[in-house]
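Engineer: Letter by letter, the chains look like this.
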Amino acid sequence: MAKREDIKKIMVIGSGPIVIGQAAEFDYAGSQACQALREEGYEVILINSNPATIMTDTAVADKVYIEPLTLEFASRIIYKERPDAILGSLGGQTGLNLVVELAQSGILDEYHVEVLGTDLEAINKAEDRELFRKLMYDIHEPVPESEIVHTIEEALAFADDIGYPLVVRPAYTLGGTGGGFADNEEELREITDNGLKLSPVHQCLIERSISGFKEIEYEVMRDHHDNAIVVCNMENIDPVGIHTGDSMVVAPVQTLSDREHQMLRNASLKIIRALKICGGCNVQLALDPTSFHYYVIEVNPRVSRSSALASKATGYPIAKLAAKIAVGMTLDEIINPITNTSYACFEPALDYIVTKLPRFAFDKFPNADRRLGTQMKATGEVMSIGRNFEESFLKAIRSLEMKCDHIQSKELSGYTKEQLWDTVLKNDDLRIYAIADLLRKGESLLQIHEKTMIDLFFLHKLQHILNLEQKMKTSVGNMEILKKLKTYGFADSYIARNWNMTEKELYDLRQQHHIVPVYKMVDTCAAEFTSATPYFYSTYEEENESVRSDRKKVIVLGSGPIRIGQGVEFDYATVHCVMTLRECGYEAIVINNNPETVSTDFSISDKLYFEPLTIEDVMHIVDLEQPLGVIVQFGGQTAINLADKLVERGVKILGTSLEDIDRAEDRHEFETMLHKLEILQPQGETAVEVEEAVRIANRIGYPVLVRPSYVLGGRAMEIVHNDDELRIYMATAVKEISHDAPILVDKYIVGKEIEIDAIADGEHVYIPGIMEHIERAGVHSGDSISVYPPQIISQKVKDTIVDYAIRIGKGFRFIGLYNIQFIVDKQERVYVLEVNPRSSRTVPFLSKITGVPMSHVATRCVLGHSLQEQGYPEGIREESGRCFVKAPVFSFAKLRSVDTTLGPEMKSTGEALGGDVTLEKALYKALVASGVKVPLHGNVLVTIADEDKEEALAIARRFSNIGYGIYATPGTAQYLHEHGIYVRTVGKINDESDKNVLDIIRRGRVNYVINTMSINKDVAEDGFMIRRVSAENNISCFTSLDTANAILRVVEAQSFTSISMNELEE
Amino acid sequence: MKERKLILEDGSVYHGRGFGSDVYRIGELVFNTGMSGYQEVLSDLSYCGQIVMMTYPMVGNYGINRDDFESIDPAVFGFVVKECCEAPSNFRCDMSLDEFLKLKHIPGIQGIDTRSLTKKLRTSGTMRCIMADADADEKEIVKKLNESDILHNQVEMVSIKKPFPIPARGKKVVLMDFGAKHGIIRELTERKCDLTVVPFDTSAEAILALRPDGVMLSNGPGDPKDVPKAIDTIRELIGKLPIFGICLGHQLISLACGANTVKLKFGHRGCNHPVINLSDGKVEMTSQNHGYAVEEDSLANTDLVVTHRALNDQSVEGVRHVKYPVFSVQYHPEASPGPEDANYLFDEFMNLMERERGVR
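So the protein sequences, as listed, match chains A and B. Numbering-wise (numbering that gives the first Met the number 0), the first sequence opens with residue 0 and increments by one. Numbering-wise (numbering that gives the first Met the number 0), the second sequence opens with residue 0 and increments by one.
Isolated chain A, as found in the complex (with noise of 0.2 Å):
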């Protein structure tokens, strides 16, 4: 079937800001999609708000809006660009759900838009649970047994007729409290009997227990003419249970024979042929491992996480498929990107084991809750390929850069078998270590086998490397056991720890020896057919399959896994770093190891080796292309800290100095540096001792911001305003003070954060723009709401600012993009907070809204072309007459336990952009786009600390005026009451009746919640569980009396006030 031809113009929907669950993937799925539509000669018009992805880019589509993914938003666009069809199947469970509710608003029936790929029905029969369930049962595919019950005799009735064991889950309790696993009518009736209680509608459900069985997923693709394959499966290390984007995951499947792997593909292909989806579809199995029993676990009718991976692990393109299928292309006709010779209509054949491996926020998240259950909890993830599962595995745990190069975690040493025995069974992000650890102390396989229900095929694995590491241990120097210990994956760095060598000194003992690895190619058909892919992966085999070539080529380090703080946006720098390298007629070669990231699409470098981003990995590469340089600062902090290993190595970097990286990385370096320049820098000293760092605050001031020197990104960054609270944070959060790790106390200096971007040559400085923080300095600058242009800051402090911005550009001689944040106080001084030498995470930002392309500016200057060459004078840009906001974006529903409070430690993952003629009008499509519901009446609930009462009380007022009802706790109330206030009093949270705060939040009865946080410990308990209830029921509660603010500006802005004439005369 050829394409459509009657449909010319397409409205394709993106997934909007990150958050877990939902990231990088869909960047990579739309822009794939995108590209592929306009390659069929479609005019795409693109709607997201998420302006730090490569999908909205102004060369991904004909038309590129950034507006909020609303009913409201994207209602709009119809109107005004009329498409004829629309496809949300790539943008996520954003953009199907859009889909459908433009669909049930009717709009796309006025407007004759037609609804392009899988149709809503099919959606809606996937995504529906009974809609689900009765589909599955027509077309005789199992699903677990399940039944809703009232009554514990219900329950058992239903024992009865399937048998044990069960699970109980209560109906509408928080995170499935009160819920377990019955064996048998005892276990059963007393959970039962607790979830029924716990139950507010007095209602259970009940299911047939499948944990334990193996869980397997098929990545599946269907065109129009009902032709349906199999993309990849893969196999989950951790049995049912653990939400499989927080799981272990290797493909292709490992411990299933041919029948059952047959079987279950025929499973998969009757069901995306039942839903008749057009395009990629993910169906989960659960598969019992002693019989051929298996349950249909849930079907994704779109591109998902999933087959981002499944692209990434086979090199077969999903999402770009997709598009093509969407558009009445069959698969049969589709010529198959990779070969280039055959049809994309087969199954891919894989030659390798790829791993995949989730990656965790909990270094920045102490306190979160690490036990992995349902909810998925990673931000990012890591893919590695080997030609066995251990060299894949470890190649997979050095990728996720956790300090950690080895199936041995830190954070356990010390660890008792009860410990240890406890993180496993509590499903512990890092209970794979603790079984390692078990297994050292000398516990069975099949013990870990029966508690954990992993397959044993992978335990023996990992026996398998313990046993290897015992080998290591008794034959140091032993050039065989090396080699075989390389075969398998290991470390340098590990090794030669245990080998009392430096890593440099074992990399050079195997060059010595010849152990170096080898490049495979990945190329869908395990070398049946001839194929370009420049697509590599490190082995340690006879023949090397990438060749050098004679260009001149630059290798840019990646980003490596998402995770709080460095995000799509490195990985947006990247991918156009790469492209102008091409553009300039460089060979471009991206090492990364991230398979939801554009940047890992083979098609956008000239090379793409998928290899862990640490010294030894990137050396040998350079080792075999021989690049002029390499370039670090696009990779984020990943890339900026392998530069100075890389040096050592005789390896040039390309752009900024590694010296000058220092300078604005070492603290002292950096302090003499501004000093030198004449430039201000908040006061701060440096402690080894408790006593020291309280003399030191006292000597400059509370409030004090304090931190540990070795920490980076906010980590453990505390403000205090007195010497309890800075001997209470010592005593708590700081685990070692040392000269070796010592404390910095700097001034805090209350006041606002500007940030800018600029792109130096090495001589001359270029700064698109000027960001201003809604939020006062102490919130991160990632968590803050930023405003261009500036709104409050005078001429005079912009003077400052830029001539700050040039002297530090050419004082620290930056070649490339570099970030500074600055603090000015209420006497208009401007001080310099930090300076960082790279891409930052303003960078996609910047470029979007004054379209300056910033990292294809600093990438042609660190090749040598001048800003001027580039059209590009010293100074600062014009200011834009439109005004755009960048809000955070958070997903703190889905991380339990923490504290959702805006501090100096970072929590947002993902950010929307709001743009338009006013501030109120851009903040307002920010906010909506960021999530936050934008009422203009309610209730908003006021709890606030001693210390804010005062400047919460304007704020209480404007929105009394504006006809929002206030709600507060006792204290706040009273303060509020006095000030003349109408103002409904909640009890505290320990209050039995049924008015206490939490209750008002969780029956939604408020709309925001304004909560500042209190010194007083005993307050804190309080304000933590509001915040948590707050983040958990989806009302957005504001941390900063600044963000409640900027939300009033936008209220206000849109309603009328009422006062009274008696009013007006007093």
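Just so you know, not all the hints are guaranteed correct.
[Unchecked claim] Below, a sample of chain A positions facing chain B; criterion: calculated Cβ distance under 8 Å:
| id | residue |
| --- | --- |
| 1 | Val99 |
| 2 | His224 |
| 3 | Ser256 |
| 4 | Ser290 |
| 5 | Ala348 |
| 6 | Glu527 |
| 7 | Ser530 |
| 8 | Glu540 |
No lab work stands behind these hints, which were simulated from the structure alone. Note that beta-carbon positions come from the ideal geometry of N, C-alpha and C, so glycine has one too.
Mind docking chain B on chain A? Use the hints.
Structural biologist: Relative to the frame of chain A, chain B by itself:
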């Protein structure tokens, strides 16, 4: 594990470690791209005389079980893998791959760069090879390899010697055994066929004497032209009753109708070969294992028409007789291993027998 090497007729030597038996035989080295199903591959009699290399690097993960055999006594001459799993895991696992190969006197070699070797076969075509101990004289072995004859009697080696019945109360089908996979028997039995399995050299007369509703021509090893007697038999049977041929059976039908077969450079062996059914334009994923193919041009003057083609190179994958109830496919609708998309062909065979009965 002892060191072992694999020596090819072009003189190249691959060093690895041995497993399985140490009884070495000269065979034709071929590769299979299936990611699972090694037990079925090993026991597929079509591999008689060949040394099979799996392109998937980890083999033996789920061990060997009692159920998934495609023959009782495997006829493969050797097995080449990147890594043979020492600790297999699956609820049906009865023994490890290594134990099984020892039991069946099949030598194995692991630890060699199978991807590099696959690329060699892809460019140079299949080659004769043999495994040898680490200290064996390579030159002499290469010389022996180059002097050795290609086998011509594989079908005879693997076909049964005497007919036997697999009774049921359905359609009576004679299965001509050229090295039939159990999968074919299973599919027919599942459709309640009353089977009589007969040796490859059974005469048409003897087959007709059984008064069957149809004849099934099985898969089998080697060059179809090595079994001229079977070609004659089939020629006699055509027009007298419905015939369904699979793989070697397909090539024999083509030869019997006057078409020609040719040897492929490195053959098709794997589970991911797309085939387009010309009657409805739909693509099926097929399981394939063949080193010979029916030559397209040679069909011109025969009564055969093409029904199925390989999606990628458009080569002949299935034919049908224009006058008589005879059809065949180059691939394996019985799967085992591989996708079961083409399973419908057995139903078509059943329908054909039903229809023909009405005609008579």
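Engineer: Honestly, which of those hints from before does the structure not fit?
Structural biologist: 1, 7
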